[in-house]
Amino acid sequence: MTLLSPLGALGGAVLAALGAVGRATLFALDALGHILRPPFYGREFALALLQIGWLSLPVVGLTAVFTGGALALQIYAGGARFNAEAVVPQIVAIGMVRELGPVLVGLMIAARVTSSIAAEIATMKVTEQIDALVTLSTHPMKYLVAPRVLAALLVVPGLVAVGDVIGIAGGYAVATLSLGFTPAVYLRNTVDFLEMWDVLSSLIKGCAFGGIAALMGCYFGMMSGRGAQGVGRATKGSVEAAAVLILAANFLLTGVFFSL
Amino acid sequence: MIGLDGVAKAFGPNRVLQGVDLDIDSGTSMVIIGGSGTGKSVLLKCILGLVTPDAGRIMLDGQDVSRADRDAFLARFGMLFQGAALFDSLPVWQNVAFRLLQGRNRLSKSDARDRAIAKLRRVGLTPDVADRFPAELSGGMQKRVGLARAIAAEPEIIFFDEPTTGLDPIMAGVINDLIREIVTEMGATAMTITHDMSSVRAIADRVAMLHNGRIQWTGPVGAMDDSGDPYLTQFIHGRADGPIEAVR
Numbered sequence: 001m002t003l004l005s006p007l008g009a010l011g012g013a014v015l016a017a018l019g020a021v022g023r024a025t026l027f028a029l030d031a032l033g034h035i036l037r038p039p040f041y042g043r044e045f046a047l048a049l050l051q052i053g054w055l056s057l058p059v060v061g062l063t064a065v066f067t068g069g070a071l072a073l074q075i076y077a078g079g080a081r082f083n084a085e086a087v088v089p090q091i092v093a094i095g096m097v098r099e100l101g102p103v104l105v106g107l108m109i110a111a112r113v114t115s116s117i118a119a120e121i122a123t124m125k126v127t128e129q130i131d132a133l134v135t136l137s138t139h140p141m142k143y144l145v146a147p148r149v150l151a152a153l154l155v156v157p158g159l160v161a162v163g164d165v166i167g168i169a170g171g172y173a174v175a176t177l178s179l180g181f182t183p184a185v186y187l188r189n190t191v192d193f194l195e196m197w198d199v200l201s202s203l204i205k206g207c208a209f210g211g212i213a214a215l216m217g218c219y220f221g222m223m224s225g226r227g228a229q230g231v232g233r234a235t236k237g238s239v240e241a242a243a244v245l246i247l248a249a250n251f252l253l254t255g256v257f258f259s260l
Numbered sequence: 261m262i263g264l265d266g267v268a269k270a271f272g273p274n275r276v277l278q279g280v281d282l283d284i285d286s287g288t289s290m291v292i293i294g295g296s297g298t299g300k301s302v303l304l305k306c307i308l309g310l311v312t313p314d315a316g317r318i319m320l321d322g323q324d325v326s327r328a329d330r331d332a333f334l335a336r337f338g339m340l341f342q343g344a345a346l347f348d349s350l351p352v353w354q355n356v357a358f359r360l361l362q363g364r365n366r367l368s369k370s371d372a373r374d375r376a377i378a379k380l381r382r383v384g385l386t387p388d389v390a391d392r393f394p395a396e397l398s399g400g401m402q403k404r405v406g407l408a409r410a411i412a413a414e415p416e417i418i419f420f421d422e423p424t425t426g427l428d429p430i431m432a433g434v435i436n437d438l439i440r441e442i443v444t445e446m447g448a449t450a451m452t453i454t455h456d457m458s459s460v461r462a463i464a465d466r467v468a469m470l471h472n473g474r475i476q477w478t479g480p481v482g483a484m485d486d487s488g489d490p491y492l493t494q495f496i497h498g499r500a501d502g503p504i505e506a507v508r
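Residue numbers (the working numbering), protein chains in the order written: chain A, 1 to 260; chain B, 261 to 508.
Isolated chain B, as found in the complex:
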């Protein structure tokens, strides 16, 4: 469904992506792992068109996304940002229903609010949160609201950028379980960026490791521990010794 072919991106002399090739099948939950600064978020932003790649092609259902109708393309996506990226000036329900209130097929305010509250319930938040502002919520609640916003329009593809960063282990587990449940029940294609191995094991069907701007290893999550790849083995065990330099 999503195909990356030789995607490259540099920021000045820093060549972040140096030819990424990756296929993500429809309905699969793919988790991209890799150390900090290896270009995981840049890769995700390239797919969404937030960053323009210097080279390579990104295909969605066989169509080059750079030639696709932008609104129709984005309408298929939902995204949970690392810091939730909720709009400070809007109450929670308007954040969740933001897409539902835009465009030609926009819902009425009351219908959008009902849908937002249903999605808030789905991520374990009570309706009284709906009228609060993001600044009044804890980090975990903000992530849940971000998740509710990502799924509000029931997208076919959902991206999760570091979904558990900054959360305590229990809340991280809750978010991981929610992501897995939601992706399964919606039948969505998911792509998650993380370096949290508990997230990887909870969310992934398949895993791809990004290192030195390329995909170092890819395969099913069950094959990760016996991959025999020294880079992946060092990463998943969090060892300082190995082919990956500990100080980058």
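The shape of chain A in the complex, shown without the other chains:
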């Protein structure tokens, strides 16, 4: 019995995890169904676009510019070991567009937007505002979840595009101001090297990461427990889940893109 108890605990944890995955999957399918069916709440959608998109621009821009700059320095130093310093523009471009741009934007959105959505919806649940919505003949999935998920699906690819450009600009600034690269040559190398598929894969990743971030915020908010502790747990859980799922999705999508 004692020997089996760790196995029992492990089995229980696996079952709990599978149950959570199942609930989250059903929630996501339900949310996507509500996006497609009326009524649509235009005001809520516009507010979500503003909150997720426009108001995230500063943190996305700052993250991207510093990452692009650091990337240029690293590639220059690493490339110097085998006389390949000249590849800085190409590697910064492909690194930002294919990988770092989408992942960093996704993680920033998870930190900024997922937490905010989870805390807001969890507080609404704790203060009975979600029950109030139901008594006012308004479906919480339609009013709270669908607009946020749709806005994230549409606007995060745009943020990724902005992050890609600003990240490349950060690398450009460092390379031309302190590493001795010629501005025109740097830009030409960047543009010539990038392919349309690089950009498209970046935007597809942005769409997926945006959906994950918004869905996790909504899911943990709607499932939150009671009181301030319930709100805190929902917020923490949503960010952890969104960050892990974004990194896992990035790995899977990268594998799929390379296999195409």
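Think of the hints as simulated: they come from the structure by calculation, not from any bench. All C-beta atoms in this analysis are idealised placements derived from N, C-alpha and C, irrespective of residue type, glycine included. A portion of the hints provided could be inaccurate.
[Stated by the list, open to error] Covered by chain B, per the in silico footprint, the following chain A stretches (three or more residues, Cβ under 8 angstroms):
1. 17-29
2. 125-132
[What the hints assert, rightly or not] With beta-carbon atoms standing in for the labels, derived distance ranges:
3. B/S370 with A/D192: 57 to 63 angstroms
4. B/M319 with A/G22: 32 to 38 angstroms
5. B/D331 with A/F193: 53 to 59 angstroms
6. B/E414 with A/L200: 50 to 56 angstroms
7. A/L36 with B/D324: 27 to 33 angstroms
8. A/P6 with B/P429: 57 to 63 angstroms
9. B/D314 with A/G22: 20 to 26 angstroms
10. A/G232 with B/E505: 32 to 38 angstroms
11. A/L36 with B/Q323: 27 to 33 angstroms
12. A/V21 with B/D331: 29 to 35 angstroms
13. A/G232 with B/D331: 33 to 39 angstroms
14. B/S286 with A/T25: 44 to 50 angstroms
15. B/A395 with A/T182: 52 to 58 angstroms
Given the coordinates of chain A, work out where chain B should sit on it, guided by the hints.
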């Protein structure tokens, strides 16, 4: 009009409702009393469909509510929540007019705003409150806004969940009087959950006491003091000694 037949609900091992039978006639103001944690709010949420009962039937005008059209069913109800449950992101007038701005028969924004301001006046609030946000209001004002929202669409049935909780005695009296006036003038059926005995006497036509997951006593408010039921007598006099355990 509203009939409860053997309604039961448990949360894990905690059997909150253990077979509630109750009839509320049309146009009657029924007040459900009972100690904290006896399942009063759960009962109310079962009727509204916010919580699904494990057993029993809930009938509205002879029709099982679990088979009724959900939107049409909810359109007949208004509800004042314990903490008012106003939407933080919306100004007061949009909170009040929320239902009026939804659905096929939605009003224009200006008409909905006019109706909201009329309802705010009805609950004793001035029009300048309309454009403020809930966080800018006192607890008493929030309750009034919640009341205005509950009556905005002129429902046939209004539920009040602990309407005076957290209010000072004077504001509690104001809310009680407002509820009584509004229910009488609208001819609505009202169901109020409370353990505030001054609310009971101000609002109720009939009273039902919930204890141990069942209706312990029910009758007209005037018969409450001479009921002879030891549970009800202990409760209305707030005594620690009696059949109800003081520490639950």
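Practice problem: State the violated hints by number, sorted upward, taking the hints as numbered earlier in the document. | Solution: Failing hint: just 1.
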